[in-house]
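Enquirer: Under the numbering used here, think of the first position of the sequence shown as 104, with each following residue one higher.
Hints are not guaranteed to be accurate.
[Claimed, not checked] PhoX-like, lysine-lysine: derived pairs with alpha carbons at most 20 Å apart:
hint, residue 1, residue 2
1, K108, K149
2, K204, K108
3, K108, K261
Since the hints were derived computationally from the structure, they do not count as laboratory data.
Treat the numbers as computed from the prediction; the structure is a model and nothing was measured.
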Amino acid sequence: MDRLKFATVWLGGCSGCHMSFMDLDEWLFDLAQVADVVFSPVVDTKEYPEGVDVCLVEGAVANEDNLEMILQVRRRTKVLVAFGDCAITGNVTAMRNPLGKPELVLERAYLDPSNLRPRIPQEAGIIPALLPRVLPIQEVVPMDHYLPGCPPPAARIKAFLQELIAGRTPQLNGCNISFG
104 MDRLKFATVW LGGCSGCHMS FMDLDEWLFD LAQVADVVFS PVVDTKEYPE GVDVCLVEGA
164 VANEDNLEMI LQVRRRTKVL VAFGDCAITG NVTAMRNPLG KPELVLERAY LDPSNLRPRI
224 PQEAGIIPAL LPRVLPIQEV VPMDHYLPGC PPPAARIKAF LQELIAGRTP QLNGCNISFG
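Kindly produce the complete structure, drawing on both the sequences and the hints.
Expert: Right, here's the structure in full:
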């Protein structure tokens, strides 16, 4: 059997989903027996590779870098999983949407008179421009699966990945995964 090429990606979010993934503890050794982690914030790979079998994507699409990344990930990945509530709905990351244009949010955050040197950070090539709205991933690219939770508990992540690795389609019913 060929080894699974596995990746995780972190877009606009808090990294809680990746922390929950790390809570898989010893089961990560079992995963390493069948899969190579080819891209993740927990490894030092800089370029998202071609031919990824499964990728868990945490976070919403909030800025130009997120948009570019998710388009590349979709092109290069067979099975794409929206990993956590921000990826699925925008969740906390999208709380800026009702506030209007991103400029208004930036002005409120950075031009407060109590700041010593109030200014909006704008460094071309370093600070990505915010998109007009924060988007859940499926509004940008098609998704194959959804793994809900804020963050999804480690047990749910494990059960979900075990099904994918076994070649079965995970079925989510409420907060549980049914197998069949």
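Enquirer: It remains to establish, for every hint, whether it holds in the given structure.
Expert: We went through each hint and held it up to the structure:
1. K108 with K149: OK: K108 and K149 at ~16 Å, within 20 Å.
2. K204 with K108: violated (39 Å)
3. K108 with K261: holds (17 Å)
The structure is inconsistent with hint 2 alone, although it conforms to all the rest.
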